[in-house]
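Participant: Spelled out from the first residue to the last, the chains are:
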Amino acid sequence: MTVNPTGPTKKPAASADSQTVQRRPLTPYMRAVGAVAWKDLRAELRSREMITSMVLFTVMTVMVFSLALELDAEARKSTVVGVLWVTVVFAGTLGLSRSLAAEKDRGSLDALLLAPVERSALFFGKVIGNLIFVLLVALVLMVLLTVLFNITLIEPLLVLIVILGTVGFTTVGTLLSSMSVHARARETLLPILLMPVMMPVLISAVRASSAILDDLPSSEWIAELRMLAVVDVVFLLGAYLLFGFVVEE
Amino acid sequence: MIEVRGLVKTFGLTPVLRGLDLNVARGEFVALLGPNGSGKTTLLRILGALSRPTQGIVRIGGWDLPAEADYVRRQLGVVSHLPLLYDMLTAEENLLFFARLYDLPPETRREQIDMLLNRVGLRRRARDVVRTFSRGMQQRLAIARAILHDPAVLLLDEPYTGLDQDAAALLDDLLREVAIAGRTVIMTTHDLRRGHALADRVAVLSRGKIALDVPTAEIAADDLPRLYADATGAATTR
Numbered sequence: 601m602t603v604n605p606t607g608p609t610k611k612p613a614a615s616a617d618s619q620t621v622q623r624r625p626l627t628p629y630m631r632a633v634g635a636v637a638w639k640d641l642r643a644e645l646r647s648r649e650m651i652t653s654m655v656l657f658t659v660m661t662v663m664v665f666s667l668a669l670e671l672d673a674e675a676r677k678s679t680v681v682g683v684l685w686v687t688v689v690f691a692g693t694l695g696l697s698r699s700l701a702a703e704k705d706r707g708s709l710d711a712l713l714l715a716p717v718e719r720s721a722l723f724f725g726k727v728i729g730n731l732i733f734v735l736l737v738a739l740v741l742m743v744l745l746t747v748l749f750n751i752t753l754i755e756p757l758l759v760l761i762v763i764l765g766t767v768g769f770t771t772v773g774t775l776l777s778s779m780s781v782h783a784r785a786r787e788t789l790l791p792i793l794l795m796p797v798m799m800p801v802l803i804s805a806v807r808a809s810s811a812i813l814d815d816l817p818s819s820e821w822i823a824e825l826r827m828l829a830v831v832d833v834v835f836l837l838g839a840y841l842l843f844g845f846v847v848e849e
Numbered sequence: 002m003i004e005v006r007g008l009v010k011t012f013g014l015t016p017v018l019r020g021l022d023l024n025v026a027r028g029e030f031v032a033l034l035g036p037n038g039s040g041k042t043t044l045l046r047i048l049g050a051l052s053r054p055t056q057g058i059v060r061i062g063g064w065d066l067p068a069e070a071d072y073v074r075r076q077l078g079v080v081s082h083l084p085l086l087y088d089m090l091t092a093e094e095n096l097l098f099f100a101r102l103y104d105l106p107p108e109t110r111r112e113q114i115d116m117l118l119n120r121v122g123l124r125r126r127a128r129d130v131v132r133t134f135s136r137g138m139q140q141r142l143a144i145a146r147a148i149l150h151d152p153a154v155l156l157l158d159e160p161y162t163g164l165d166q167d168a169a170a171l172l173d174d175l176l177r178e179v180a181i182a183g184r185t186v187i188m189t190t191h192d193l194r195r196g197h198a199l200a201d202r203v204a205v206l207s208r209g210k211i212a213l214d215v216p217t218a219e220i221a222a223d224d225l226p227r228l229y230a231d232a233t234g235a236a237t238t239r
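Taken in sequence, the protein lines are chains A and B.
Numbers in my numbering are just positions in the first sequence, counted from 1, shifted up by 600.
Numbers in my numbering are just positions in the second sequence, counted from 1, shifted up by 1.
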């Protein structure tokens, strides 16, 4: 292409019938997902803004509950699942609201949307980054609760439930965060939007965790585990279909 | 190359663009002038497929927007008054991320990034995080990001915002030498003289329509403020 100064009366090069710009393929889906996740991990490893606030919140919450229930082993056992999920949800919400806000404030959300990639690939890239941070916080939390509450939480089935619950929470949280990021009161709006949508995940996760911790037979918790998996699939599918509309202006 | 016909954009009940028509030929540079709120940024966002038109036809290279936006995204480069960069990544990491997002060949990525950083004068700061950059340096890096994938169309939305005189002059040189050569460009600006100096055509957007559209070769830079004032009804101009 060469520079060709023209006046306003000159006929446009493009017309309805001729494509003067060659059709180019989109970036392969998984490559785009990987690029976005890599970018988020790299930026967070350097700034540690999101992870620091989430871990500090987690440590403070566990410390408060631990001090309050120090002398009551029975109360610790009956509340540990509640402490676990309340902390995961609130620490996670803290991180999720920051994740998209940073993109919006610097205009980089537009840079992502300008790229020749499927919208949902951008979404899943963000979800993977957020999921790694929330899972890291959940792991720290489970270790802290095991040590301070003297109740073993690091066991395969509980870890599986935490992973499934976190996948559902992060998926829907990232989607709602991309909606609320445009609002002025986004930090307030996200928890308000998130709580009702999160209920199926929370109910199943809390029931299954309690049953496993109480050593109940699998018949008591398998349905909750299945429900958790189904809700995750529904959330992932819903987010895949909806993200493009959510970010559209 | 860019064809806009009867473009209407409303936000709620508020119309911003009211039946706008604009044609830009391949390789042409159009400076889009207009007062605040006249719809310049809205037009550029629609051309960048970031916003949907309410009504009207928008085509880039013959492809309809937004329906066929996926076909032309790789051909669009955008520089805005926001840097559109990640301030906790280094200059090199920023470009590497966008190279991956645009799926540039891995074997030539590094070489291309090095070449671009060199051309925008940031080679020595390649491994510094963008947060430590001045506004001018960020804008130079933003230009490198916008042309990394060698787009045919460049949309510049008030790229001089927040730059001091030296940084603005540096950006002038950079745009002339690196960014606009061989590309179709639309630049929104409030700087009439700069718009006249850089562009092949100036178009003035007022009340959601093109109120003046004239080749820069046909008007003197000194006449532009008066023409601009006539077109927009402004009492004073720069």
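Note that these hints are calculated values from the structure, not bench results.
Where hints are given, some of them may not hold.
What follows is a list of derived Cβ distance ranges for each label pair [unchecked claim]: (1) A:628 <-> B:125: 49 to 55 angstroms; (2) B:125 <-> A:707: 21 to 27 angstroms; (3) A:841 <-> B:177: 42 to 48 angstroms.
Covered, in the sense of this in silico footprint (three residues per stretch, anywhere, with C-beta under 8 angstroms from a C-beta of chain B), are these stretches of chain A [stated by the list, open to error]: (4) 640-650; (5) 701-712.
Some chain B residues well away from chain A (every beta-carbon gap over 12 angstroms; in silico) [said to hold, decoys possible]: (6) 9; (7) 10; (8) 19; (9) 50; (10) 67; (11) 72; (12) 75; (13) 86; (14) 119; (15) 132; (16) 138; (17) 174; (18) 207.
C-beta: ideal position from N, C-alpha, C; glycine also.
Participant: Take the hints in turn and mark each one as holding or not.
Facilitator: Verification of the supplied hints:
1. A:628 <-> B:125: 49 to 55 angstroms: violated (34 angstroms)
2. B:125 <-> A:707: 21 to 27 angstroms: With Cβ atoms ~26 angstroms apart, the hint holds.
3. A:841 <-> B:177: 42 to 48 angstroms: The hinted range 42 to 48 angstroms holds for residue 841 of chain A and residue 177 of chain B, with Cβ atoms some 45 angstroms apart.
4. 640-650: holds (count 5)
5. 701-712: Holds, because 6 residues of the segment 701-712 of chain A bring their Cβ atoms closer than 8 angstroms to Cβ atoms of chain B.
6. 9: Since the minimum Cβ distance to chain A is about 15 angstroms, residue 9 of chain B lies beyond 12 angstroms and the statement holds.
7. 10: violated (10 angstroms)
8. 19: holds (18 angstroms)
9. 50: violated (8 angstroms)
10. 67: violated (8 angstroms)
11. 72: Per Cβ check, residue 72 of chain B is inside 12 angstroms of chain A; nearest 4 angstroms; violated.
12. 75: Given a closest Cβ separation of 4 angstroms, the condition is violated.
13. 86: For residue 86 of chain B, whose nearest Cβ neighbour in chain A is about 7 angstroms away, the distance does not exceed 12 angstroms, so it is violated.
14. 119: holds (22 angstroms)
15. 132: About 9 angstroms separates residue 132 of chain B from the closest Cβ of chain A, which leaves it inside 12 angstroms; violated.
16. 138: Holds, since 15 angstroms exceeds 12 angstroms.
17. 174: About 16 angstroms separates residue 174 of chain B from the closest Cβ of chain A, which puts it past 12 angstroms; holds.
18. 207: holds (16 angstroms)
Going down the numbered hints, you'll see the structure goes against 1, 7, 9, 10, 11, 12, 13 and 15, while the others check out.
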